[in-house]
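A.B. asks: When we follow our numbering, the leftmost residue of the sequence shown carries the number 0, and every step to the right adds one.
I should point out that these hints are in silico values taken from the structure, not numbers from a laboratory.
Please read all numbers here as calculations on a predicted model, not as lab measurements.
Heads up, a few of these hints could be off.
Calculated lysine-lysine pairs in the PhoX-like style (CA-CA distance at most 25 Å, straight line) [to be verified]:
#: 1; residue 1: K259; residue 2: K7
#: 2; residue 1: K50; residue 2: K102
#: 3; residue 1: K60; residue 2: K7
#: 4; residue 1: K198; residue 2: K102
#: 5; residue 1: K17; residue 2: K207
#: 6; residue 1: K153; residue 2: K198
#: 7; residue 1: K322; residue 2: K17
#: 8; residue 1: K259; residue 2: K335
#: 9; residue 1: K198; residue 2: K335
#: 10; residue 1: K207; residue 2: K335
#: 11; residue 1: K335; residue 2: K322
#: 12; residue 1: K102; residue 2: K322
#: 13; residue 1: K50; residue 2: K60
#: 14; residue 1: K17; residue 2: K60
#: 15; residue 1: K322; residue 2: K7
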Amino acid sequence: MSVNKQSKAMFDLNRQMKFHLEITDKCNAACPMCGRTQQSNRCLPDMSKVKNIDLDLETIKRNFTPELCANILEIDLCGGLGDPLAARDCFSICEYFVDQGVKLILSTNAGLRSVDWWRSLGELFARDNSVVEFHIDGLADTNHLYRVNTRFTKIMANAAAYLETGSVGEWHFIPFQHNQHQINAALELSREMGFANFKVIDTIRFGKENAFGYQMPDGTLRSLKPADPQFIGAQAESADSSGVEEVITASDVIPGISCKSENENRPYIVATGAVSACCWVEGSEDERQMYLLAGQDHDDHNINDRLLSDILTEEPYVSMFAKAWASQSNPVCIRKCGHMRRSRRRVL
Numbered sequence: 000m001s002v003n004k005q006s007k008a009m010f011d012l013n014r015q016m017k018f019h020l021e022i023t024d025k026c027n028a029a030c031p032m033c034g035r036t037q038q039s040n041r042c043l044p045d046m047s048k049v050k051n052i053d054l055d056l057e058t059i060k061r062n063f064t065p066e067l068c069a070n071i072l073e074i075d076l077c078g079g080l081g082d083p084l085a086a087r088d089c090f091s092i093c094e095y096f097v098d099q100g101v102k103l104i105l106s107t108n109a110g111l112r113s114v115d116w117w118r119s120l121g122e123l124f125a126r127d128n129s130v131v132e133f134h135i136d137g138l139a140d141t142n143h144l145y146r147v148n149t150r151f152t153k154i155m156a157n158a159a160a161y162l163e164t165g166s167v168g169e170w171h172f173i174p175f176q177h178n179q180h181q182i183n184a185a186l187e188l189s190r191e192m193g194f195a196n197f198k199v200i201d202t203i204r205f206g207k208e209n210a211f212g213y214q215m216p217d218g219t220l221r222s223l224k225p226a227d228p229q230f231i232g233a234q235a236e237s238a239d240s241s242g243v244e245e246v247i248t249a250s251d252v253i254p255g256i257s258c259k260s261e262n263e264n265r266p267y268i269v270a271t272g273a274v275s276a277c278c279w280v281e282g283s284e285d286e287r288q289m290y291l292l293a294g295q296d297h298d299d300h301n302i303n304d305r306l307l308s309d310i311l312t313e314e315p316y317v318s319m320f321a322k323a324w325a326s327q328s329n330p331v332c333i334r335k336c337g338h339m340r341r342s343r344r345r346v347l
């Protein structure tokens, strides 16, 4: 496999940027496939990973200065472990970015906050066409089977309050065997409510057994099973839709490593304040090796202690990742951006 050679730094503060930003590792839900969840222990949080921390508004303002924000196209408020709505300063952080002219894409299960809070968020997001991605995997009788500890009626009330303001909302639906029959009904409901679009997103988190066992909070044992691709395809074809768009295709092999973070100039920041190349590399052996080879301490690259603009102009982001791509010595990068093992999405 050939590897694209890189001659420039991974991130460039002088060209348009994007950011992937996790503002908390707290979450109301207990999705069994999430990295924060002990799926075999009543879906309790794994406290070896979860620290129940937030990035506060002052830290955000100190690092995302007006000068930097003027060069930011969009920020994804999407957690690897947390839901942004669980952050204490979620609204004020959103308000700060919108005031700076930055478009936000906020990803949530929508099970937190009041309808008044959601209405205020809608009014705020309407100012710059920011977007909320509502992750709702079924209807009243199925959504809670994966989005454990959430209540469908509350989610619908929150979504309705937001959408009534005219702001943009997307319904993201992960199909499993237990909810695949509801795709068209959920699609129709999304249109009635005023969602901008409906996306079916396949998960890549099943093992070779094609089953994922877990224990519900009440002790009930359950098993997630993947949706039938042929059934999903038939559902999509039968939908009254303008078409089906394959946004990202899983497991397609491309020539070389095409790093999404570098291409989009899109660093990742986790709730601890640690800066990383992307959500896949963060915390991995690949990342540890990059810092070891660069002679840097990863703990020094934290926006609670140092400025983001300084961190992004230091190794390993200057040359170490490019060298690893050339030598094919970073398995995570090869797996995710060399073989494109990402979720497949259909827009209905």
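A.B. asks: Now tell me if each hint is right for this structure.
C.D. replies: Status of each hint after checking the structure:
no.	hint	in the structure
1	K259 x K7	holds (15 Å)
2	K50 x K102	violated (28 Å)
3	K60 x K7	violated (28 Å)
4	K198 x K102	holds (20 Å)
5	K17 x K207	violated (35 Å)
6	K153 x K198	holds (21 Å)
7	K322 x K17	holds (23 Å)
8	K259 x K335	holds (9 Å)
9	K198 x K335	holds (21 Å)
10	K207 x K335	holds (18 Å)
11	K335 x K322	holds (17 Å)
12	K102 x K322	violated (33 Å)
13	K50 x K60	holds (22 Å)
14	K17 x K60	holds (16 Å)
15	K322 x K7	holds (11 Å)
Checked against the numbered hints above, the structure violates hints 2, 3, 5, 12; every other hint is satisfied.
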